[in-house]
Amino acid sequence: MVSMEFWRLVMPAFLAGLQESLHLALVATAVAFPLGCFVGVGRIMPIAVVRKLCDLYINLVRSTPIPVIFIFLFFALPDVGLRFSAFVCASAGLGLYMASYVAEAVRSGINAVPSGYIEAARALGLDERTVVGRILLPQAIKAVIPTLGNLSVDLIKNTSIAYTISVVELTGTAVQQVTMLAKPIPIFILAVLGYAVLTFPTGAAFRALERNFQYR
Amino acid sequence: MNHQMHRLARVAAGAALAAAAAATSLATAATPTFAPDSTMANIQKRGELVVGVKFDVPMFGQKNPLTGQLQGYEIEIANQLGRDLFGSDGHVKFVEAPGPVREQFVTQHKADLVISTYTITEPRLKTVAFAGPTYESKQAIVVKSDNKTFGSSIPGFAALNDHTVCVVSGSVSNTLLLKDAPQAKIMALSANPDCAKAVRQGRVEAFATDDALLIGFVNETPKEIRFVDNAGGREEPYGIGVNKDSLDLCRWVNERLLDMSKSGTLEKMFASTIGSVTKRKPAPLNAADMTYCK
Numbered sequence: 034m035v036s037m038e039f040w041r042l043v044m045p046a047f048l049a050g051l052q053e054s055l056h057l058a059l060v061a062t063a064v065a066f067p068l069g070c071f072v073g074v075g076r077i078m079p080i081a082v083v084r085k086l087c088d089l090y091i092n093l094v095r096s097t098p099i100p101v102i103f104i105f106l107f108f109a110l111p112d113v114g115l116r117f118s119a120f121v122c123a124s125a126g127l128g129l130y131m132a133s134y135v136a137e138a139v140r141s142g143i144n145a146v147p148s149g150y151i152e153a154a155r156a157l158g159l160d161e162r163t164v165v166g167r168i169l170l171p172q173a174i175k176a177v178i179p180t181l182g183n184l185s186v187d188l189i190k191n192t193s194i195a196y197t198i199s200v201v202e203l204t205g206t207a208v209q210q211v212t213m214l215a216k217p218i219p220i221f222i223l224a225v226l227g228y229a230v231l232t233f234p235t236g237a238a239f240r241a242l243e244r245n246f247q248y249r
Numbered sequence: 044m045n046h047q048m049h050r051l052a053r054v055a056a057g058a059a060l061a062a063a064a065a066a067t068s069l070a071t072a073a074t075p076t077f078a079p080d081s082t083m084a085n086i087q088k089r090g091e092l093v094v095g096v097k098f099d100v101p102m103f104g105q106k107n108p109l110t111g112q113l114q115g116y117e118i119e120i121a122n123q124l125g126r127d128l129f130g131s132d133g134h135v136k137f138v139e140a141p142g143p144v145r146e147q148f149v150t151q152h153k154a155d156l157v158i159s160t161y162t163i164t165e166p167r168l169k170t171v172a173f174a175g176p177t178y179e180s181k182q183a184i185v186v187k188s189d190n191k192t193f194g195s196s197i198p199g200f201a202a203l204n205d206h207t208v209c210v211v212s213g214s215v216s217n218t219l220l221l222k223d224a225p226q227a228k229i230m231a232l233s234a235n236p237d238c239a240k241a242v243r244q245g246r247v248e249a250f251a252t253d254d255a256l257l258i259g260f261v262n263e264t265p266k267e268i269r270f271v272d273n274a275g276g277r278e279e280p281y282g283i284g285v286n287k288d289s290l291d292l293c294r295w296v297n298e299r300l301l302d303m304s305k306s307g308t309l310e311k312m313f314a315s316t317i318g319s320v321t322k323r324k325p326a327p328l329n330a331a332d333m334t335y336c337k
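Quick mapping for you: the protein sequence lines, in order, are chains A and B.
Letter by letter, the first sequence follows residues 34 to 249 in the working numbering.
Letter by letter, the second sequence follows residues 44 to 337 in the working numbering.
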């Protein structure tokens, strides 16, 4: 068993790590979702160059492991004079990586919208921007909310990889605490609970969003 | 039977020591003679001394990527032992003994001696006898060559308080740093080369780990980073692994090492390899410290 003293020692750093994980997840989401929507739409654009570029982005980034992206941003870029903090590298890297998945989800959502809607909108004389913004995307997003929910949970868990480039988030904090106190079981259980604290509400929020869209 | 064998071994060992002592007084050119059943005599009969070494640890045992030649402190010790055993060069056969299989090399007689940055530890002493120590390893740091904060040595890890230090997550240096320098800003990465890079790129001031590894990184980019010794570091002895069935060989190696230390040969070998980076001088060997032939 572990003493009260143990928890007093562990908790402040644990909460700081939890906060850092949350911070990382929020910044990465702010990169991943808009960029993913943009690339996903770009992939069905009538302009061939844009389509090809978006295609290349998705295929290239999606097939690169996250640690490689992190190490590239953190260790390789400084060699050409671009030096960012570990946190910036991790949030940007994770955002860029998850954006490729969001883009694929958005594309599949768009494909799920029956072409009759688009044809009807065009027949009514709506311009292309309104067709995409008012008819296509709302239905596409609605179709992919469960997928986006899964991706958000994935993103939260993937923040743990940032510990390999020295971001002291939840996993990094746990590893340091185990190194110091040699009590891996309570510390890693605490880390598991920490991730649950972040992922459970996220999952619940997306389920609520899903219901909200259905009632309309 | 067993008792008899022990007695035989003792007699052989005694004879071997006498022979070794005799050999010492003679010029090294002469081939020493050993008791007929001794391990040394058997190796002489075979014509080669098989030594397990590292092929990838600069300054200790490394295969030069350009020439293919083995070089380093441990290679030089092995070559000298070969000269002492055969009276001439060219009787040492080197085999690569990587970290995880060193015990097998010793216990399965795949090598007569294993000299491969081999730390003498309690668990290993249960299966392996050690001649030496030949080297005392310590936790130390490297910094950028132009670093003004740290001189050539720090008194201990406590000197790293308030500095940014890279360590491998969960490593011995990580533990020591948390304990001795709680105010240090730790950057924990997953591999040693990452930490070396972090120092070169100026992300951290120092990188702390085992000195044998640090020497290798300094050797890679001697213009970019330099070694900073740790005067307060706990010493961990490296030894020469010998099979427990061949304690006569272990004792003979100890005799030879003592002789090399006395004559200054060992110090010369050290200065031209490890010492060129660490600026350390090896303490003279002392028979009282060589207690691992058991």
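Hints were generated in silico from the structure; no laboratory data involved.
These numbers come from a predicted model, not from an experiment.
Every residue, glycine too, gets a C-beta built ideally from N, C-alpha and C.
Warning: the hint list may mix true and false statements.
Unchecked claim - Here are some of the chain A residues that sit facing chain B, going by a computed Cβ distance under 7 Å:
hint, residue
1, Pro-111
2, Thr-197
3, Val-208
As the list claims (entries may be wrong) - Calculated lysine-lysine pairs in the DSBU-like style (CA-CA distance at most 30 Å, straight line):
hint, chain 1, residue 1, chain 2, residue 2
4, B, Lys-337, B, Lys-311
5, B, Lys-287, A, Lys-216
6, B, Lys-287, B, Lys-181
7, B, Lys-136, A, Lys-216
8, B, Lys-311, B, Lys-136
9, B, Lys-136, B, Lys-324
10, A, Lys-216, B, Lys-305
11, B, Lys-337, B, Lys-305
12, B, Lys-228, A, Lys-190
13, B, Lys-169, B, Lys-337
14, B, Lys-228, A, Lys-216
15, B, Lys-337, B, Lys-266
16, B, Lys-305, B, Lys-287
17, B, Lys-266, B, Lys-287
18, A, Lys-216, A, Lys-190
Where does the structure disagree with the numbered hints, that is, which hint numbers, in rising order? 5, 7, 10, 15 and 17
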